Amino acid sequence: MRKGFALAALLAGLSGQFPISHATGWNMPVGVSQVSRDVYDLHMIIFWICVVIGVVVFGVMFYSLFRYRRSKGAKAAEFHEHTTVEVVWTAIPFLILVAMAIPATATLKNMYDASEADYDVMITGHQWRWQYDYMGEDVTLFSNMSTPKAQIAGTEEKGEHYLLEVDEPLVLPVDRKIRLLTTSADVIHSWWVPDLAVKKDAIPGFVNESWTRIDEPGIYRGQCTELCGKDHGFMPVVVHAMEQEQFDAWLAERKQAAAAEAGGVDREWGLEELVERGEKVYATVCASCHQAEGQGLPPTFPALAGNQALMDDLDRHIDVVVNGVSGSAMASFSGTLSPVDIAAVVTFERNAWGNETGDVVQPADIQALIAP
Amino acid sequence: MAPQSPPKATLEHSQSASGSATADGFQEEHHYRSGPLRWLLTTNHKEIGSLYLIFSLAMFMIGGAMALVIRLELFQPGLQMIQPEFFNQMTTMHGLIMVFGAVMPGFVGLANWMIPLQIGAPDMALPRLNNFSFWLLPIAFTLLLSTLLMPGGGPNFGWTFYAPLSTTYAPPSTTFFIFALHMAGISSILGAINIIATILNLRAPGMRLMDMTLFVWTWLITAFLLIAVMPVLAGVITMMLLDINFGTSFFNAAGGGDPVLFQHLFWFFGHPEVYIMILPAFGIVSVIIPTFARKRLFGYASMVYATAAIAILSFLVWAHHMFAVGLPLVAELFFMYTTLLIAVPTGVKVFNWITTLFRGEITFETPMLFALAFVVLFTIGGFSGLMLAIAPADFQYHDTYFVVAHFHYVLVPGAVFSIMAAVYYWLPKWTGHYPDERLGRWHFWLSVIGVNLLFFPMHFAGLAGMPRRIPDYALQFADFNMASSIGGFLFGFSQLLFIWVVVKCVRGGVKAPANAWDGATDLEWTVPSPAPLHTFETPPDLRDFKFH
Amino acid sequence: MSGGSYYVPASSKWPILAGLAVGLFMIGTGIVLVFDTGMVLLPIGAAAIVTVMALWFRDVIRESRRGLYDAQMDRSFRWGMGWFIFSEVMFFLAFFGALFYVRVFALPWLDGEGAKGVSALLWPDFVASWPLMNPPDTNVVGPEAVVSPWQLPLVNTLFLVASSITLTLSHEAFKEGYRDTARNCLAITVLLGVLFLIVQGIEYYEAYHHLGITLQAGIYGSTFFLLTGFHGAHVTIGAIILAVMLWRIQKGHFSAHNHFGFEAAAWYWHFVDVVWIGLFIFVYVF
Ligand code: HEA
Ligand code: HEA
Ligand code: CUA
Ligand SMILES: [Cu+2]
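Residue numbers (this note's numbering), protein chains in the order written: chain X, 1 to 372; chain L, 1 to 548; chain Y, 1 to 286.
FYI, nobody ran anything at the bench for these hints, they're computed from the structure. Quick caveat, the model's predicted, so the values are computed rather than measured. Each residue gets a CB set at the ideal place from its N, CA and C atoms; glycine is no exception. A hint or two may mislead.
Stated by the list, open to error - Partial list, derived from the structure: chain Y residues whose beta carbon lies under 7 Å from chain L:
no.	residue
1	Val-8
2	Ser-12
3	Ile-85
4	Ser-129
5	Trp-130
6	Pro-131
7	Asn-134
8	Gly-229
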């Protein structure tokens, strides 16, 4: 029974004693934006209120338990009602709550005001990666977890940012108001970066608004926080905040790369290069469902290896990948993979794991399918 | 509602002819059956109560074993034991089984046993319906568990089964999951109807509503909550069924629906549901503490009003589970304020319990130990609930282990401890023997230590950023998880002691008199221990009875 | 049992058999829906439910006729039926809630209005309307036309309102001891219920085959069939219950003072009626 005290003391001690570092440690991170600091303050205020109430309440309780035990000869008193006391202990908590609600309301209003942003980023959740569109800039990136499978399986030592690292972070400028528009292409995901105190669900078919203004350059890590299927635990969010000039340079470079990528569609591609590229696409995008060796997870996710019906029907293969299968987890990839990637991954699938069709799918043909 | 007492003479028979009825071959089953068939066909509230309690214990073990699978996988970072698909099924099934299979039937079992005894009724109002309510449960849960063996596996979308993960993207077995939940829902509704009818109609003459024990009161209000919200759950899973099998668009924006609609409907059920799991616990603690403090419950009337206030408020707070889904600002504020308000009536309860202890004459038998631990640990869980209610802060807490810590504090050392307290408290009445006090203490202390080691570190893991429902986690959460897992096994295996105590007590032990606890004053302690199969066949005379 | 005035049946096999029957029915339905085969368990389960219910109620009727039930028992039945109907109210409330939510919040948001209007980014061409003829995603084909409230639905409204009146007449007549009048009025009530169902059948046929209102036709079709379908199911059940009551009157089961079975059926029927008024207003008219 004495545990109540011990726990409260432990909690109080710990929160003071441990320095607050970013997204590690024992407590909520203070974070790197005004909003995150406001939230942290709210958190600490309510925490201390609870501690104080806890000390008083448990104090009286343990006092009674020690003082009024029968073994010490206590004799029960008779009283069982006292209107004044009861009114007081209804009113005081109420007032405390009102006091609490005032700063909370202010912070919430601020968090909801996404107007006058400098940049708009559309964040789309996919099973299981994030897509970032810099709206009005024609730059789109896909952000996949980059932790190797071997680390997860335990056959390789786990790195410092195990599970919290991606191939392409969301790059943002500091000191700018960024409006974040979240949505999803399949199930509900939730985009969360503790250091920014931004957590917003990504709802398929709807768009949610939130915003942030980052104070310090740095790399901030978070995760998807809404159960979104099998690899929900492997869908990290990484934000790389940098100074405006760096950001501008990065954005310009990105635009060029996108243009170059578009150019690749027109040329004739060979089997080797498509398979090589397709293997990468497969590993980052498709393997989560259809598995590393194409064996799938029947009956939910069909096998692609040794799938004779599929190998006999090239058109259907392309159609499924381009348009998806409606009403199933198989999404349409025409909007999320480039024509080159689609051609590459289909070619790869038709020439891997014992599927030896020798088929080569040209990006130009895919392009023609998507935008006739 | 005005206090009403049924007229003493309740013998007026229906007017219709009674002679001709025997002519059409009606045979009344006069004798009690023996053997296993007796348990299958029983209409006796005590036997049905025992069936519920046994079922609940079995489900607690199964759900607990699943939790231990979860804890085993989370013992250290990396995927060791199981694959993510199976992990999700374990999380989902654990939540569903504990909520619908362990805690709710546990409380219903106690209600069946104790409500007729505490109000001086011969049985439940509708005894056959009572048996039907029970037998739906094993059928429903057998079906639910069998989904784990179906192609594609069982439900893997969390106990909250948000669409579209639970519709378009769900395994084929989801249809069976829906039907299992339908059956559990029917069982709950019918059980609740029975409880209300019993309490309102079968009180012994002379017992007014404000004479009832708090256990009966809290159950009356809980039953009302059940009847109000279980149909909403039935409705929303029916809509899922249509989305899955008939191509409707309720939760699909492409056709004009909205996935968030699912969440509104679910939580309109779901939030009152969590109070369904705590109000009877309040009732139990409110009868145990006065007994062992040997002092009348402080503030009986305010306890009743507080319970009612909590129940009413519980219909107005549901979207506090949805702060991060992008509600309009006004909605967000409304639900934040209403949620905060719930702390007021709950605080009244806590203060009343503590004032009951104040200047009492306290002893620490096992039921009392569990009840006291309930007060402390539930309050800690309530505090974290209050933190969650602060919407801007909930953006940081939501869907992290901080939430997992919160609800396990209110559910495990809350609801589950209260059920254990009740079992220790009423075992003498049920079996005629006292439970072994020494083993009971061992069970208690191991449980208290285990449960805190299990759930306290989850606060830190959550604040540090660990999301819930993940099979693997980043390295900075490793220590917290290891501690939790050790605590989980300690707590889990301590429950074997509990089973041992119960079995031992059923088989024998120190004989208990009619009033097993010297501070106990409620009506159930006036009948012999063990309570005979039939009690209060003629209503007790309460003219000289001192209520609470 | 014995001694006490409150009747407690010693034991009964119907509850557990009813549980098994429900289980059988649900598993049977699941097998048909999920595996698309095995129309075996489903009908067996349905038949079992009907049989067990009949036998269970037979016991209750016999106990009642043997005078085993006292006034207190009667009150238990009343509380039971009352709260059961309350649970049904909540069931329909969920469906009405869904309808309101979609109309007041979801569709305007998808069209760019209100707090979540940014959602229109995803559906640039979508225009919200109710009834929703053109769902946001053009792959979902909306209805071509809607059911006019002033034709078949109005007829149905009249049927149900009339049936409520005839039912009340029947009840009043019964209480006054005019058994034949009561029986005739009840027969008309059942008939009106059946007519309602026939008209609804015609309306569904029209909806599917001429108006393009289907379950797949976006949220309008979804809510339309959800609400009218579950209401129709309740009318069916209500009509069957009333038919049983007709049979029981015929058999002389009830007395002018003691006929709770009949009253419960009447409560249920009125409840179904009130739900229809809600439907007529919010599904058809507005
Ligand atoms: C028995 C079950 C139970 C109980 C009783 C409660 C009680 C409370 N819960 Fe909890 N809750 C759950 C079960 C329960 N909860 C579950 C299962 C979930 C997660 C569901 C899921 O997502 O899977 C959840 C989630 C949950 C959330 C959503 C978190 C999120 O997902 O982001 C919130 C947010 O507001 C919340 C709040 C509260 C509050 C304010 C109370 C209050 O009732 C608590 C009131 C009690 C006290 C405050 C302590 C005593 C009071 C005093 C001593 C008086 C003085 C105090 C003050 C004035 C501070 N709960
Ligand atoms: C009343 C409800 C209740 C109860 C009693 C419990 C009890 C426990 N819960 Fe529960 N839990 C929930 C309700 C409950 N939980 C809910 C609603 C969720 C959310 C689900 C979701 O996200 O959808 C959840 C989620 C949840 C998680 C998060 C999973 C995730 O997010 O991925 C975890 C993780 O540790 C956990 C652990 C435990 C443990 C260790 C116990 C322990 O108390 C269990 C005690 C153990 C036993 C009683 C076992 C006894 C059996 C034996 C000793 C036999 C031997 C067994 C073996 C050898 C394996 N629970
Ligand atoms: Cu995406 Cu979880
Ligand atoms: Cu809640």
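Hint check:
1. Because the closest C-beta pair between Val-8(Y) and chain L is about 5 Å apart, less than 7 Å, the hint holds.
2. The restraint placing Ser-12(Y) at the interface with chain L holds, with a minimum CB-CB distance near 5 Å, inside the 7 Å limit.
3. About 10 Å separates the beta-carbon of Ile-85(Y) from the nearest beta-carbon of chain L, more than 7 Å, and the hint is not met.
4. Given hint, Ser-129(Y) at the interface with chain L, is violated; its Cβ is 10 Å from that chain's nearest Cβ, farther than 7 Å.
5. Because the smallest distance between the Cβ of Trp-130(Y) and any Cβ of chain L comes to about 10 Å, over 7 Å, the interface hint for this residue is violated.
6. At its closest, the beta carbon of Pro-131(Y) sits 10 Å from a beta carbon of chain L; the interface hint therefore is violated under the 7 Å criterion.
7. Hint on Asn-134(Y) is violated. Least Cβ distance to chain L is approximately 9 Å, over the 7 Å limit.
8. Checking Gly-229(Y) against chain L: minimum C-beta separation of about 9 Å lies over 7 Å; hint violated.
Figure legend: structure checked against the earlier numbered hints; hints not met, in rising order: 3, 4, 5, 6, 7, 8.
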